[in-house]
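Here the protein sequences come in this chain order: C and L. Everything in the first sequence is counted per our numbering, starting at 1 for the first residue and increasing by one. Everything in the second sequence is counted per our numbering, starting at 223 for the first residue and increasing by one.
No wet-lab data here; the hints were simulated from the structure. Here the structure is a predicted model, which is why all the values come from computation and not from measurement. Treat the hints with care, as some may be off.
Straight line, CA to CA, 20 Å or less: simulated EDC-like cross-link-like pairs of lysine to aspartate or glutamate [stated by the list, open to error]:
1. L:Lys238 / C:Asp87
2. L:Lys430 / L:Glu256
3. L:Lys238 / C:Glu28
4. L:Lys313 / C:Asp81
5. C:Lys91 / C:Glu141
6. L:Lys313 / C:Asp80
7. L:Lys238 / C:Asp6
8. C:Lys91 / C:Glu28
9. L:Lys313 / C:Asp87
10. L:Lys290 / L:Glu256
11. L:Lys313 / L:Asp302
Okay, here's what each chain looks like letter by letter:
Number of protein chains: 2
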Amino acid sequence: MAFKQDLFTQFARVGKALSNGNRLELLEFIAQSERSVEQLGKLANLSMANTSQHLQQLRHAGLVSCRKQGLKVFYRLSSDDVIHLLDALRKVAERHVTDVQYLVNTYLTVKDNLEPVPRTELLQRVQDGLVTVLDVRPPEEYTAGHVPGAINIPLNELEQRLAELDKNSEIVAYCRGPHCILAFDAVARLRDRNITARRLQDGFPEWKTAGLPIETGSKPDS
Amino acid sequence: MAFKQDLFTQFARVGKALSNGNRLELLEFIAQSERSVEQLGKLANLSMANTSQHLQQLRHAGLVSCRKQGLKVFYRLSSDDVIHLLDALRKVAERHVTDVQYLVNTYLTVKDNLEPVPRTELLQRVQDGLVTVLDVRPPEEYTAGHVPGAINIPLNELEQRLAELDKNSEIVAYCRGPHCILAFDAVARLRDRNITARRLQDGFPEWKTAGLPIETGSKPDS
DNA sequence: CTATTAATCAACTAATCACTTGAATAGTGG
DNA sequence: CCACTATTCAAGTGATTAGTTGATTAATAG
Numbered sequence: 001m002a003f004k005q006d007l008f009t010q011f012a013r014v015g016k017a018l019s020n021g022n023r024l025e026l027l028e029f030i031a032q033s034e035r036s037v038e039q040l041g042k043l044a045n046l047s048m049a050n051t052s053q054h055l056q057q058l059r060h061a062g063l064v065s066c067r068k069q070g071l072k073v074f075y076r077l078s079s080d081d082v083i084h085l086l087d088a089l090r091k092v093a094e095r096h097v098t099d100v101q102y103l104v105n106t107y108l109t110v111k112d113n114l115e116p117v118p119r120t121e122l123l124q125r126v127q128d129g130l131v132t133v134l135d136v137r138p139p140e141e142y143t144a145g146h147v148p149g150a151i152n153i154p155l156n157e158l159e160q161r162l163a164e165l166d167k168n169s170e171i172v173a174y175c176r177g178p179h180c181i182l183a184f185d186a187v188a189r190l191r192d193r194n195i196t197a198r199r200l201q202d203g204f205p206e207w208k209t210a211g212l213p214i215e216t217g218s219k220p221d222s
Numbered sequence: 223m224a225f226k227q228d229l230f231t232q233f234a235r236v237g238k239a240l241s242n243g244n245r246l247e248l249l250e251f252i253a254q255s256e257r258s259v260e261q262l263g264k265l266a267n268l269s270m271a272n273t274s275q276h277l278q279q280l281r282h283a284g285l286v287s288c289r290k291q292g293l294k295v296f297y298r299l300s301s302d303d304v305i306h307l308l309d310a311l312r313k314v315a316e317r318h319v320t321d322v323q324y325l326v327n328t329y330l331t332v333k334d335n336l337e338p339v340p341r342t343e344l345l346q347r348v349q350d351g352l353v354t355v356l357d358v359r360p361p362e363e364y365t366a367g368h369v370p371g372a373i374n375i376p377l378n379e380l381e382q383r384l385a386e387l388d389k390n391s392e393i394v395a396y397c398r399g400p401h402c403i404l405a406f407d408a409v410a411r412l413r414d415r416n417i418t419a420r421r422l423q424d425g426f427p428e429w430k431t432a433g434l435p436i437e438t439g440s441k442p443d444s
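Throw the hints in and build the complete structure from the sequences for me.
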């Protein structure tokens, strides 16, 4: 059955594109916004030629597409399907690969002195104006219920919306749960910019089931 | 940020597991039902040692898990997340890789010019007795789980067992997934004999992860 | 035209991968 | 105990991959 083999070989091409850490990092950058080869190379700390070659592999796998404007070539995700794919990949990795869990634990608790903020502590400190609570989940989930007073900035908009954060108060980010990558990613990015940030213990479902108050609806623009 | 690199490296391990056609084929078989190494090797036409090695790669990537029963080791998907991942992979490949489009068009669409039956529609129509659901996968996979009320006739027995089909109700055939040719083939053969037949949207794993009811065990002879 | 810049291509090395072969393990039954 | 079976391990080979280096192609500016 040559057809079946051919099909799996083609699917494997997409898998192959996802089989290298540098390419995955490039993909994540591209997912934020369209970028040139040079920019991407700098972000991922790769040589120009190497970056170009990786991007072409991604392009041949159908994950990204590009347009030339003047001297520069801008790459972007070819569709939202790719985001879903990356999401599914992360979810599987996060949930099943023990090494990822180990990395997350190491990073959050020991290596970077990032022990999560206990739930019980947070409410008081929000009321005292000591912390800004950041919900990095998608808007739908935020609207459906969130920690009182939290502002919603989805992870992919974080860089563009840094101005909305009060840089004098500590940021406490949370997301879907204890192993959800969103909040730790947010904390990592904020810390890259020298913004004090920590992660809330667990995520929203745990907050809710702990019997703590919640708030629903979307935040009006202020 | 070495941590970030490490994380992407771990994610890439999952990508690497998906980067080989034989592994993807094994995964699809495993998605149907738990199976031993020997069975999987035969299905995918691989040597024992080779199969074992591929399965171990899948296991280390967190995609499958296994249990030993007597002499045999049975592999199964480690969670429904994996089906979602495979789905996302297929979707991206299908939509963006022109070679896949060509293959799909050449082999599949030509055979099936009628739209597949949506999952949500099927249950109601089965209950109303309007359709006969036909599972054309091998008996083991049928036994491990199938659409409620479906009858099991493997493709190679279809011609001999036509009498079992109620020719007054429409036949809806399904198999392993959106690109599995078993159901396409069945529909084509039934139409050749002037039996009204259509294909179910996707296959059994997708049905299961959509949260729809399933039935297990083999059908008693009636 | 030439110089400059962004990106790609081509050629090469070291590392990794797919697969084979043959040996080693672990369970089972006599 | 031994024989038998399903699986895994270990070692080796040819193919593929990631990354480097230096040359080459396009677009732009003077």
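Now the hints, each set against the structure:
For the hint linking lysine 238 of chain L to aspartate 87 of chain C, the alpha-carbon distance of about 16 Å falls within 20 Å, and the restraint holds. For a cut-off of 20 Å, the pair hint linking lysine 430 of chain L to glutamate 256 of chain L stands: about 15 Å separates their Cα positions. Proposed proximity of lysine 238 of chain L and glutamate 28 of chain C is supported: the alpha carbons are some 17 Å apart, at most 20 Å. A hinted pair counts as satisfied when its Cα atoms are at most 20 Å apart, and lysine 313 of chain L with aspartate 81 of chain C qualifies at roughly 7 Å.
Distance hint between lysine 91 of chain C and glutamate 141 of chain C is fulfilled; the C-alpha atoms sit about 17 Å from each other, no more than 20 Å. Between lysine 313 of chain L and aspartate 80 of chain C the CA atoms are separated by roughly 11 Å; this keeps the pair inside 20 Å, and the hint holds. For the given pair, lysine 238 of chain L sits about 19 Å from aspartate 6 of chain C by alpha-carbon distance, which is consistent with the 20 Å threshold. At roughly 15 Å between alpha-carbon atoms, lysine 91 of chain C and glutamate 28 of chain C fall within 20 Å of each other, so this suggested pair holds.
A distance of roughly 13 Å separates the Cα atoms of lysine 313 of chain L and aspartate 87 of chain C; the hinted pair therefore holds under the 20 Å criterion. Pair hint lysine 290 of chain L plus glutamate 256 of chain L holds up; C-alpha atoms about 12 Å apart against a cutoff of 20 Å. Between the alpha carbons of lysine 313 of chain L and aspartate 302 of chain L the distance comes to roughly 17 Å, so the proposed pair stays at or under 20 Å and holds.
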